[in-house]
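The chain contents come next:
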Amino acid sequence: MTETLSPAQPLVVEEGEEQRGFAGTNVPRKEDKRLVQGQGVYFDDVKRHGMGYAHFVRSPYAHANITSIDVSKAEALEGVYGTLIGEEVAALTDPFFQLATPPGAHIKDYALAVGKVRHVGEPVAIVVAATRELARDAADLVEVDYEPLGAVTDARRALDPETPVLHEEAGSNLSWEGVYEWGDVEGAFAEADHVVKISELHFDRFNSTPLECDGAVVEYNRGTGQWTIHTNNQFPGFAAIMMGPAMRTGLDKLRFVTQDIGGGFGNKITSHPQLVACCLLARKLHRPINWTEWRTEFHLTMSHGNERWFLDTEVAVKADGTLLGFRTKALDDAGAFLRYEPLGGVIWAQVTPGCYRWRNVRLDFTQVVTNKAPCSPNRGYSRMQHLWFTERMIDIVAHELGLDPVEVRKKNYVKAEEMPYTTPNGCVYDSGDYARMLDVALELIGYEGLAERRADAESRGKLFGFGIGSTLDSGTNNFGQSRLINPELQFSGNNEVATVKLDIFGEIVVTLGTTPQGQSHETTAAIVVADILGVTPDDVNVRAGHDTYWNSHAGFSGTYASQFAVTGLGAVKGAAEKLAGEIKKLGSVILGCPESELELADGFVRMKANAEAALPLMACGAIINANNAGLPEDLDVTLNARYVYRPPFELPDVERKYGNLTLTYAAQVHAALVEVDPETGVYEIVQYAAIDDCGKRIHPQIVEGQVMGATAHALGAATHETFTYDAEGNLLTPNFYDYHVPHAMDMPPLKTGYIESPSPFTALGTKGMGEGGGAGIHAVCAALQDALAPRGRPVVYDSCNPYHRVWELLQDPEASRRRVEVISK
Amino acid sequence: MEPQTSQTVTVTVNGETYEREVEARRLLIHFIRDDLDLTGSHVGCDTGNCGACSVIYNGQLVKSCMLLAVQADGARIETVEGLAPEDGKLHALQQSFSDHHALQCGYCTPGMLMSAKALLDANPSPSEEEIRKGLQGNICRCTGYWNIIDAVKAVAR
Chain Z
1 MTETLSPAQP LVVEEGEEQR GFAGTNVPRK EDKRLVQGQG VYFDDVKRHG MGYAHFVRSP
61 YAHANITSID VSKAEALEGV YGTLIGEEVA ALTDPFFQLA TPPGAHIKDY ALAVGKVRHV
121 GEPVAIVVAA TRELARDAAD LVEVDYEPLG AVTDARRALD PETPVLHEEA GSNLSWEGVY
181 EWGDVEGAFA EADHVVKISE LHFDRFNSTP LECDGAVVEY NRGTGQWTIH TNNQFPGFAA
241 IMMGPAMRTG LDKLRFVTQD IGGGFGNKIT SHPQLVACCL LARKLHRPIN WTEWRTEFHL
301 TMSHGNERWF LDTEVAVKAD GTLLGFRTKA LDDAGAFLRY EPLGGVIWAQ VTPGCYRWRN
361 VRLDFTQVVT NKAPCSPNRG YSRMQHLWFT ERMIDIVAHE LGLDPVEVRK KNYVKAEEMP
421 YTTPNGCVYD SGDYARMLDV ALELIGYEGL AERRADAESR GKLFGFGIGS TLDSGTNNFG
481 QSRLINPELQ FSGNNEVATV KLDIFGEIVV TLGTTPQGQS HETTAAIVVA DILGVTPDDV
541 NVRAGHDTYW NSHAGFSGTY ASQFAVTGLG AVKGAAEKLA GEIKKLGSVI LGCPESELEL
601 ADGFVRMKAN AEAALPLMAC GAIINANNAG LPEDLDVTLN ARYVYRPPFE LPDVERKYGN
661 LTLTYAAQVH AALVEVDPET GVYEIVQYAA IDDCGKRIHP QIVEGQVMGA TAHALGAATH
721 ETFTYDAEGN LLTPNFYDYH VPHAMDMPPL KTGYIESPSP FTALGTKGMG EGGGAGIHAV
781 CAALQDALAP RGRPVVYDSC NPYHRVWELL QDPEASRRRV EVISK
Chain L
1001 MEPQTSQTVT VTVNGETYER EVEARRLLIH FIRDDLDLTG SHVGCDTGNC GACSVIYNGQ
1061 LVKSCMLLAV QADGARIETV EGLAPEDGKL HALQQSFSDH HALQCGYCTP GMLMSAKALL
1121 DANPSPSEEE IRKGLQGNIC RCTGYWNIID AVKAVAR
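Residue numbers (the numbering used here), protein chains in the order written: chain Z, 1 to 825; chain L, 1001 to 1157.
Hints should not be assumed to be uniformly reliable.
Restricting the straight-line Cα-Cα distance to at most 20 Å, the calculated cross-link-like pairs of lysine to aspartate or glutamate (DMTMM-like) are [said to hold, decoys possible]: (1) Z:K47 x L:D1037; (2) Z:K33 x L:D1035; (3) Z:K47 x L:E1081; (4) Z:K33 x L:D1099.
Derived list of chain L stretches under chain Z, where covered just means 3 residues or more per stretch with a C-beta under 8 Å from a C-beta of chain Z [said to hold, decoys possible]: (5) 1004-1014; (6) 1039-1049; (7) 1065-1077; (8) 1083-1094.
These aren't lab readings, by the way, just hints derived from the structure by calculation.
Remember, it's a predicted structure, so these values are computed and weren't measured experimentally.
Glycine is no exception: its CB is placed at the ideal position from the N, C-alpha and C atoms.
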């Protein structure tokens, strides 16, 4: 069903370079053996004696003052161990540190609601009991009195004078705003032959809904004052920075442990409020606490993707289709609290021009809070919204000016020979060939035979459409970009840690700082280590998951933002090379020859010239660890190497909002064919192609798996997945019954393809990948717009187009057309 | 008289018989996971949509979150832990899932495997359409299903 197109030759190959080792081969995935047997250990599989189960009492109101909370009936129930309410939280902790400048900086955010609730589902109290069922029953006995307030659910109304204010301390619902302008925007519009105006585009609210919800098993050690947090939080470095100061404790008191995580997609970055609540309960109730979030709770409260409006957009275009620049007003709906926000207000700038060469851009960014679940990263975080907007501009311009969307892209894509390419805001696209990728996509989708397919569909009474989505997956953040949001923040650069040791019986043991959720870190790390130490991946034991006690983590450790192949494997490579150096040093002492004459191969350190003069790695491990008498005093060898990878970043220029914000740029070009029923708006994606370029692929099958997963998420988001709220702030899609994710029946025929443009900036030529840029969302929007064109040329203005929205476009194309205007000289 | 809130349940899971006192309102999935400590089957939703808890129950595929434990009294249940024929050897479906990279995070995998097994038990030579139908009660958020379908296809006769 899936076919992979392998170009005869990768795009960039070092002349005379010889492929050796396991990198680039599909070795069996190390994680699979336990996972296919049900032997994985996810946090909820961790059991502790006397453990209590936590259940959250949640707000039924979108916006209300809490006038009283009475937990006495719940506490009186036999088997209930205790409760926690907001007042206690406010006494025992400080509000979470805010990344924003004022007014967002004034927002007070605690582990539980204090005095007021601001979205449906906000945690108000917690009951802990002997069983899950009892905790749930007891939670129903908690009596909370509310004084309901008016709600704001439409970001466009959030700053109106009559709109209720969520956070009085902030003064209004504005959380952050900033103006970005690069190049000569006025000049571009003066030079333009056409100005295409688009009054309003909307990127819908959804998230990738990992199948395992959030949770933790938290233990408190009274003697040391330390918490052990078995959790599926995917960015422990960030959680610790948020939790420590709030809990008034040092970071060493917070031990994060994870083995297997049931999907994350960014949605599990911001569980720190709930983790704080569990920590308080473990200490208060003298027992381990299990918190396992229910699906409906996840949908109501956790990590929605940023909803964004693009208002009053103008695009400057030359008569020949050359794109000169654009200006727009981005309005971002952050939901009720800023848990990772307002970082979304700058993250988009990693991909300011998308794949295109336009040099003149102005974007006024405004972020507001609303009575909806807090937003946090979701696969493609903030760039996806901006890239969708960029691609929508391209296709709307092409349609309005009668240009071919393929030709407009080819004309305006950044060219392969311009790489590395510095964008108008100082980001550096490391490598790539977007036009070539588009050619591969067109080949796979059957572009040559499109007229025939269109005629066939039309003969069956269907509308036929073809669309392209070309996006970037920027990876390895320079956290210095946070200073464009708040110059006072003391974050910059990035890092990741790995250790590689050679133990007493020759075991090669790797630890990572990352928290994989299906990204196969054990496998790819083993490949990199095996190739450096001259062994096989089977010889390398990569410990599963993350543990603060391994001491293999740093401030940015975690698994997020498309970076493992750069930061994680960079750390692994560094540690393995350090260990290889030490093995050679020891080998030179034992074998009596200079290190330069030694090599590591087949499980030995041996003389290049004489393979018989060899020392097994097992012997090296034994000598250093257990048989070291007589070794030279100055031999500095531990066979336990730790390496911190640090990407080469400078601080961005805060004044100009200029600098390199990410190290690598993987690229995606997707193409979709759709058939639409003109009577009902029901449509089907009848063929799909996904082309990816993430530089050097350590394990092609794993890369393709990530491409497929990102494609599925994008198709879900494009067609059905939406967190829709009513005017009172009730979430209408609070679980999988109403929130429609793709099923096996929904997946279109898929062809995948790739090119390899190694990154010149990374140790292995790899690029971070996995998030995937959301190319599918745009490909579907573009295909729909193409398909509907014969019916009054409606404009697809929303990122999510369920059948009813397509039907609306068919019924009243003029309503959507009023959003677009072309002014030509 | 107080209503009875717990009951003794006897079930056979993967060939082993267990007798446990269980709360009347406990779901079968929580009984399997928490009381029997067979944590291979998972919970991914609270509405019966996701299929992560799928087990084979008296020869029939069920979502074990849609049954109470007390209903299972006397039942014969197969879970992912019983799939491999012996220690150190994988079931053909398990091997095929690994070969085809049909799993990433592995959270849906146990339920997906049980659905695939039930499908092939009933229909050893399913068409692709039948495979898709057979798996449509199971949500996977990592793979997009393509590799899962290929993995099942490879085991089908």
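How the hints compare with the structure:
1. Z:K47 x L:D1037: holds (9 Å)
2. Z:K33 x L:D1035: violated (25 Å)
3. Z:K47 x L:E1081: The hint holds at about 18 Å.
4. Z:K33 x L:D1099: holds (11 Å)
5. 1004-1014: violated (count 0)
6. 1039-1049: Since three or more residues must qualify, the claim that chain Z covers the stretch 1039-1049 of chain L holds, with 10 doing so at under 8 Å.
7. 1065-1077: violated (count 0)
8. 1083-1094: With 4 residues in contact (Cβ-Cβ under 8 Å with chain Z), the coverage given for the stretch 1083-1094 of chain L holds.
Hint compliance for this structure: hints 2, 5 and 7 are not met, and every other hint is.
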